Structures are given as C-alpha cells and as structure tokens.
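Each chain, written out:
Number of protein chains: 2
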Amino acid sequence: MPALITSYSSPEPECSSFELRRKIRRGEIKGSTSGLARTMQANLIVLPSRYAKDFRNLCMRNPVACPLLEYTTPGEYRSRLAAESDLRTDIPAYNVFKDGKLVSRRKSNIIDEWTNDHVGFLIGCSYSFETALKRAGLEPECSKRNLAVPMYVTNIRLNPAGVFSGYYVVSMRSYKPCDIPRVREITGEYIKQHGEPIAWGWEDAERIGVRRKIELDQVDFGDVVPIPEGEIPVFWACGVTPQVAVQESRLKGTVMSHLPGSMFVTDLDPEDESLLL
Amino acid sequence: MPALITSYSSPEPECSSFELRRKIRRGEIKGSTSGLARTMQANLIVLPSRYAKDFRNLCMRNPVACPLLEYTTPGEYRSRLAAESDLRTDIPAYNVFKDGKLVSRRKSNIIDEWTNDHVGFLIGCSYSFETALKRAGLEPECSKRNLAVPMYVTNIRLNPAGVFSGYYVVSMRSYKPCDIPRVREITGEYIKQHGEPIAWGWEDAERIGVRRKIELDQVDFGDVVPIPEGEIPVFWACGVTPQVAVQESRLKGTVMSHLPGSMFVTDLDPEDESLLL
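Chains as they are written, first to last, in my numbering: chain L, 1 to 277; chain R, 1 to 277.
Heads up, a few of these hints could be off.
All copies of an identical chain are treated as equivalent in the list; a pair is satisfied when it fits inside any one copy or across any two copies.
Quick list of in silico lysine-lysine cross-link-like pairs, DSSO-like style, CA-CA up to 30 Å [said to hold, decoys possible]:
no., residue 1, residue 2
1, LYS23, LYS107
2, LYS252, LYS23
3, LYS176, LYS30
4, LYS134, LYS213
5, LYS107, LYS176
6, LYS53, LYS176
7, LYS107, LYS30
8, LYS53, LYS107
9, LYS252, LYS176
10, LYS53, LYS134
By construction, these hints were calculated from the structure, which means they are not laboratory data. The model shown is predicted, which means the values in this text are computed figures rather than measured ones.
Sequences are here, hints too, so could you generate the full structure?
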C-alpha cells in the first residue's frame, strides 16, 4: 500500500499536493487549505533547538492533542513527508512570535526569520477525518455551512514536559446521540490525526469547562456554529493545543507557526499512517 | 549501544534476567520483583483478541499512564523482549478475571486459562526510574522504609478508546520543593516508563482528587507512606491504570494480569528505549 501520493486523476481536488505547495509558495493561495488536498495536512511549530527535546516529549506525552508526524534536524526546512518542500514558504500564512509575543501575523513566508538553529515540528490535523465523516453521510454542521470548526480552550491539562505545560484545545462538531458510535469508529482510525473524540454530551461539556461558552455563542478560535435541535456537542482534541502551549510557555527567541486553518500539505495518504513516527 | 542485557557481573542484583525468570517459573520467587533485576520490568495485561485493537489504542492515546512496550499476536505467549520467556509462567503471581469479576488471585501461572485467542500486552513500569533516583541521592521515602509505593485513583480521565475508558492511577513519592527540577529531569528520561511526574504539590493533589486520601492516610493500592516535614507529594502516572480501566470496562471472557508489584522481567536495558514500539 503506497503511502505517498504524488498525483491524482480525480477532478476534485484538482491539483496534486506537489502542485498545491508550489501554488502556495507563489502566493496564489492565501487562506484556509481545508478541502484543497486529498493528502494529509499538518500543523507547523518552529522552535529554537534548545526547546526541541522538551517539545518532542510534550508531543509524545500528549499524542491525542499533539500527534507528532515529523520533526527536522536544526536548520532543516525540507520535510521528508513532502517532495521538494520548504517549511518556510509552503504554507499560505505564518505567525511569528518573539519572546512569547506575537510580532508578525499572516506573513507569506518565514525565510528571513528562519535560522540554522530552528527545528520544525509537523503535527496531525483533523481535516482528513472530516472528509471521512462526509463520505459516511456525517458531514459536520460547520462544513455544511462553510464555516470554520469552533474551537475551545478546556480545563483539561496536558501532561507537562520540561518547560511546556498547558491545556487541551478541542474542536466541536455536533451529532445526534444515535450517531456517536459511528462517529467514534470512523474518526478512531485516524490515530495520528487526533483519532476519536475525547468527550461528548452536555455533561462532558460542563466537565471540561466549555458548556457556558457554547451556550453564550462564544468561541476561542474558529466560528460560532449553532447546534441543531436533537444534536449534542462532540469534542476532539485539536492541533491548536501545541500553539497555545508554546505561547503560554513564554519561550525566549523566535517561534513560528502556521496561521490556524492554513496548513502544510504533505504527500501522505491520510488513510495510511504507517510511515509516521 | 546494546539494548539486550543477558548477563551481569555485578554482585547485586545477583542473577541475570534470564535466570531470574527461570527461578520465578520454578516458583522460587513469589512476591514483589522490585529491585531483583537491573533490566526493565513490565506490567502484563492479557485480553481476548476482540478487545486487542481498542486496548492498543487506549495505550497509544494515553502513553504516560499506559506506555506500551510490546503486544503479542493472538495465542503467542513468548515475549520478544525476553529470551525463551513465557508470559503464562514467568511472573511470580497472576490475577484472573472472568466477565469483569476477579475469580482467582495470586495464581502461580495461567497455563490453564490461556487460550489461542489471548493477546498479551506489556506496559512500562516505574521500577527503573526509582533506581535512577536512588543513584542520584533521591531515594523515595517508601523505598527507604522498604514499603510499596502508595497509589491513588485520580479524577483525571483517560482519553477513551473504543470500549475502554477510565481514570489515571498515580504513584506518589515526596520530595523537597527544591529537588523537584532534578526529580523531573531524571525521571523524564524514562519516556516508556511513565517519564516525569504529571503533578506535584498540595494544590495539584487537591485538583486531581487525592489530597484528602493522603491527609486521611488512605491509599487505593500499595502502602501508606508518611510525608516528611518540608516535603510535598509528587505524582507519576502509574501502570496500575490499565488494570483498573480493564476491570471497569466489564469485558466478556477471561482477562488476566500480574499481581501489582510482581512484574514481568524483560532483558531490556532500562536506559535504552530505542528497541521499543
């Protein structure tokens, strides 16, 4: 079973992951990459090398929220998961932090900021299982309405690792209670892409500290999406978790990440996680 | 760096991991295996094969509490981590559960219960980092007093996986606040053996739901160990977690485990986790 997909014959998405990265590099695609690729997409975190070991441990100790797909050697900006790629240019938009503060938003590349001391971390994303849910007739409400998935910072602590600690961020999609077993089963196959939900129902929403936000139509990231009559909220661990953890750990030096929603497009088949760490 | 240790010249522990397993198989060692081996020791869970995928996912989604070292194919009772081993006989004492109920305690072997449908799971244990703490002059109080480490069921939920859900069980050792950074650093190296603590101090004890138990001299497993003046409780995720999760998941059929404290002795060097999953 080949895990690397280098071209498509399917009419939609219309171009290969390689061509897509080239278009992004040329600035022809600026916003969200949701639905643009059939291949696995990834969150990016770039850190000074002195934090790399602790961050790798943070991921290994919290693989549901921070499923580590790849990390580079210091200075290496090519991903092994994407042919002829460049982590500094192949994402539509980047955020740059200095000494823990956001200093530059929506940058089109990070060539000037990248140094020989920077390490890139690619972390799994939930776009792939959203496609699988759609295929099964379980398209999330946010997707039907063409909105970003709503995301909430919870009270669930990450297992700490060295300088890093923090809380789970979850994405929320609503389903009928009778659909939960199938939703769990379908998304549970995507182990390196957050896997099955970590909580569901209003009691769980209360327990993880997000019920009131939902009831008040508040979100921490993404869009407010109404929950249809007869459905309950279902929560998945979310790849924004490590970004928040990194911001709150007040690291010294220059840290970079993708703009949430605008991901790095790999060449990996999302159904085949066998090549991963 | 060789990861398999097959013999020792050191006077203590006095015999190789291979000889130790043979002694255990012959019934010459009946109690705790703490301190008997320099090699990595492991918790054992044996499940009917229909639960194997969900249990493997439980471990992968909760690697700090359930660090999976190895799982066998159905019916295979030899571990790849221990030469000429037999998971049915090479542990001093076993517990046997039928349909979720403990039906047999402290069995010397599980040859009669084991079927071609059983899958064995070996899960990391904290004995190795206790040795490292001792070497660094940070011997835990329980070890100084020759008591079992006190263990508590917390209110921290595991990330659910299929039929399995549950709560973290933690082991507690007390330290002076000024020693916490070194304690974290030393144990943090043992990624597949629970790694660094997940919580420390009285506020954390309250938050994870165990403060009152400590103050009332209660434990859920192990021995009550007093906390010396000037020290605070430090909590590590504990390998009893999957046993409790398995018991509470009310599985059908025959499930087996080691008796807590009486571990499976592998041939692995505890300092080298590179051969592991």
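Each hint, compared with the structure:
1. LYS23 / LYS107: within (16 Å within a copy, 65 Å between copies)
2. LYS252 / LYS23: Neither, since 33 Å and 54 Å both go past 30 Å.
3. LYS176 / LYS30: Result: close neither inside a copy nor across copies, 35 Å intra and 52 Å inter.
4. LYS134 / LYS213: This pair counts as within: shortest intra-copy Cα distance 27 Å, inter-copy 48 Å.
5. LYS107 / LYS176: neither (40 Å within a copy, 46 Å between copies)
6. LYS53 / LYS176: Intra 42 Å, inter 26 Å, cutoff 30 Å: inter-copy only.
7. LYS107 / LYS30: within (10 Å within a copy, 64 Å between copies)
8. LYS53 / LYS107: Result: close within a single copy only, 27 Å intra versus 43 Å inter.
9. LYS252 / LYS176: So LYS252 and LYS176 pass the 30 Å test across copies only (28 Å; inside, 46 Å).
10. LYS53 / LYS134: between (37 Å within a copy, 24 Å between copies)
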